[in-house]
Amino acid sequence: MKTLFSALCLSLIIALSPFATAPAWAVEPDEILDDPALEARARDLSKGLRCLVCRNESIDESNADLARDLRILLRERLTAGDTDDEAMDFIVNRFGEFVLLRPTTGGANWLLWAAGPAMLLIGLIVGGGFVRGRARATTKSEDALSTEEQARLKAILEE
Amino acid sequence: MITELGHFALILAFLIAIAQTVIPLIGAHKRWPGWMSVAEPAAQAQFFFVAFSFGALMWAFITSDFSLRLVTLNSHSAKPMLYKIAGTWGNHEGSMLLWVLIVALFGATAAVFGGGLPPTLKARVLSVQAAIGVAFYSFILFTSNPFLRLAVPPMDGQDLNPLLQDPGLAFHPPFLYLGYVGLSMAFSFAVGALIEGRVDAAWGRWVRPWTLAAWVFLTIGIALGSWWAYYELGWGGFWFWDPVENASFMPWLLSAALLHSAIVVEKREALKSWTILLAILAFGFSLIGTFIVRSGLLTSVHAFANDPERGVFILIIIALFTGGALTLFATRAQAMEAKGVFGLVSRETGLVVNNILLAVSCFVVFFGTLWPVVAEMAFDRKLSVGPPFFNMAFTPFMVGLGIAMPIGAMLPWKRGKLRRACWQLRYVFALAVAMMVLAFTLQTGRSALGPVGLFLGTWMVFGAFADLWMRSGKSSVTDRLKRILRLPRADWGKAVAHSGLGVTIFAIAGLTAWEAEDIRVAQIDEPFEVGAYTMVLRDVGRERGPNYFATRATIDVTRDGKPVTTLYPEKRDYPVARMPTTEAAIDYKFLRDLYVVIGDPQNNGGWTVRTYIKPLANWIWGGCLLMAFGGFLSLSDRRFRVAAGARKSNVQGVPAE
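Residue numbers (the numbering used here), protein chains in the order written: chain A, 1 to 159; chain B, 1001 to 1657.
Bear in mind the hints are in silico, worked out from the structure with no lab data behind them.
Predicted model only: the values in this text are computed from it and were never measured.
Take these hints with a grain of salt, some might be off.
Residues from chain A that keep clear of chain B, each with C-beta distances beyond 12 Å, as calculated [claimed, not checked]: (1) R41; (2) D60; (3) D69.
Label pairs and their in silico Cβ distance ranges [what the hints assert, rightly or not]: (4) A:T104 / B:P1546: 46 to 56 Å; (5) B:F1379 / A:I32: 37 to 47 Å; (6) B:W1413 / A:I32: 28 to 38 Å; (7) B:L1449 / A:A118: 22 to 32 Å; (8) A:K154 / B:R1426: 45 to 55 Å; (9) A:I32 / B:P1563: 21 to 31 Å; (10) A:L124 / B:D1200: 24 to 34 Å; (11) A:R136 / B:S1138: 45 to 55 Å; (12) A:K154 / B:F1008: 52 to 62 Å; (13) A:L73 / B:Q1158: 32 to 42 Å; (14) B:A1516 / A:L66: 27 to 37 Å; (15) A:A37 / B:S1636: 48 to 58 Å; (16) A:G133 / B:A1319: 28 to 38 Å; (17) A:L124 / B:D1587: 40 to 50 Å.
Stretch-level coverage of chain B by chain A, calculated; a stretch enters the list once three of its residues show a Cβ under 8 Å from a Cβ in chain A [unchecked claim]: (18) 1236 to 1245; (19) 1315 to 1329; (20) 1332 to 1345; (21) 1380 to 1390.
Idealized CB from N, CA, C, for every residue including glycine.
Modelling step: build the complete structure from the supplied sequences, incorporating the hints.
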């Protein structure tokens, strides 16, 4: 649904620019590389790169002009013989790590990546402790009725 | 005039809500029946006035009363009637009014159907519910009043965002709100029980229908939103891990956990304090969702009210309610000791595993959604957390849930044998493996996602029905079938909802793995191949809609020389809102969707045409519908109806005071 935002950006661009014609839509036929293997790599990589003006959309999905420029730039790097990592590094160096939709594991980001597994571990330990506690608990109250319940039962039986 | 009456009714509802918060709470504390009984008529009167107020706003939209600021900003006289009505909640102020209307609706429903509740608990629950109402009434009246007039009304309005002018999205917010706000009822019950200091099986039974209803509405609301994204946004994406989607997904995950843990409270009187905590957190996440959408904290397309003042106001509401409830929880929770004893391998343990997986997956979504903010504030790093992260970090939990679900659902209460449950599922397992192998052989050199998804889906769907089959006892097949049909609706609801989740998981995996895409410049009358289909662009023409202009293409689709369908994808321009939209043409079939989008004309002739073959696309929402239907089945179970009947006779038996 973030495409909505890009559409908003877009309409803004259109409204502001007197020369703007119809908007460009995501990956255009003229951008597609002739080498299908290279194109597949480009598509894969561009799914992990954020369109900078639309905030929440990858350049692969975005209609914005800037996303198109970035797609073309990426394809130029790949055609020039860059590996996937080199091409990504090139773009990150230019635009900052904000473009990466999949955050790196470096620095404080380990917190982000470790949060889920760590929480699962805590959950399993606490949950396991609870279940073991329940399994060991004496069965005293299981079938016995509380005094309140006994009184109610008696009342019902007497009716 | 009607507008002023609506405004006045809203203020009245606000005042009634204040009375409904204070008087019954004191009454319950002092055991004064007269004060406690204020809650019921107050809840009904409050609902009446806020409904009138909402009706007045809707009337202003229907009649295009442009002297209202809100109508001018969000409506247009040429807009179709459905979207004039939907425009009432297609903006910040109106959607908040809808929100508070639903709070009052749930309160009134609890007042009417809550006859069997202990009077003190009922008074407290309604009081807490009204307190939530008070917070949001004051939010509306003091920061986002929908009834403000313009000194000089314009000739016409500025139109609703055209992307929102769509049947799917017209009904997406009401369902979502029914879900969010439905959780307020679970919250009120939790806080009521904490004040009361008593949580028992009966409490679990009262809380469950509300949670179930909220979950069903959330499921429908999320599915509608995702379906809308699928057909409207022009390339068939259905889930983006957008902060706002996450905001609705987190309460969904927690309410799913809550409705399972409430079963344990109801049947076994265990997991009490955890269930209370979940109820508080689930509604807390609903509030956080509201905050995320309206504060501008996280940039998102849905953020139609990026206003710091409003953000701060909602933040205060969150702090008050969640913080207050958690404090109350911290002081009272130890009093709730678990009664039920169960073995290491039992249904109870299965439900604990369910709760761990759902709660931790919700935590992952929460952490990922807020991480960019944390990283920027604490570490001065501007970064993004996008779909690749969530797909990697979240999916394992769903896979784990999918594997464990049929086994956990099969285990008996109190004490079971893991080996026995697995043995009962041996045929299902064999079938699932067979499907996986089949998928592996049929596809060549593609990702393992499809086959694994197929395995999980088969395992979950057939596992759910194997559970029903095992319940039918041992006798001839016809007898067993008859017995299955007579099983309680709650059992059917469980099987249907569980299989729905299986269908959705399978469909998402299949669609992601086997989708085919074709982007090209198509020349008029020159056929091209996409997968097994031959497509021909016949014509591109201009059309005129009620409030837009459209470029409309005609594309013939054939397969092996036989005509399949003719598709008419459109591009629309809304001149008032100054915004283009794409209207994809979709040929819906049981096993696949054919999804065609028309792009721009090219300088050297021809048009950009995008074609997608999306296998199993319908199944995603079919699965969601199954989940919701399962929830409804369970809601209609005799158990709840019998309880409702008992309440009625109870009411008659109580002497007038």
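Verification of the supplied hints:
1. R41: Answer for R41 of chain A: holds, closest chain B Cβ roughly 15 Å.
2. D60: 9 Å, violated
3. D69: 17 Å, holds
4. A:T104 / B:P1546: 46 to 56 Å: For T104 of chain A and P1546 of chain B the Cβ distance comes to about 49 Å; the hint holds.
5. B:F1379 / A:I32: 37 to 47 Å: 39 Å, holds
6. B:W1413 / A:I32: 28 to 38 Å: 59 Å, violated
7. B:L1449 / A:A118: 22 to 32 Å: Holds, at about 26 Å.
8. A:K154 / B:R1426: 45 to 55 Å: 49 Å, holds
9. A:I32 / B:P1563: 21 to 31 Å: 29 Å, holds
10. A:L124 / B:D1200: 24 to 34 Å: 28 Å, holds
11. A:R136 / B:S1138: 45 to 55 Å: Since R136 of chain A and S1138 of chain B have Cβ atoms about 50 Å apart, the given range 45 to 55 Å holds.
12. A:K154 / B:F1008: 52 to 62 Å: 56 Å, holds
13. A:L73 / B:Q1158: 32 to 42 Å: 37 Å, holds
14. B:A1516 / A:L66: 27 to 37 Å: 28 Å, holds
15. A:A37 / B:S1636: 48 to 58 Å: 55 Å Cβ-Cβ, so the 48 to 58 Å window holds.
16. A:G133 / B:A1319: 28 to 38 Å: 33 Å, holds
17. A:L124 / B:D1587: 40 to 50 Å: 47 Å, holds
18. 1236 to 1245: With 6 residues close enough to chain A, the hint holds.
19. 1315 to 1329: Coverage by chain A is violated here, the residue count being 0 at a Cβ distance below 8 Å.
20. 1332 to 1345: holds (count 7)
21. 1380 to 1390: This one holds; 9 residues, not fewer than the three required, reach chain A with a Cβ under 8 Å.
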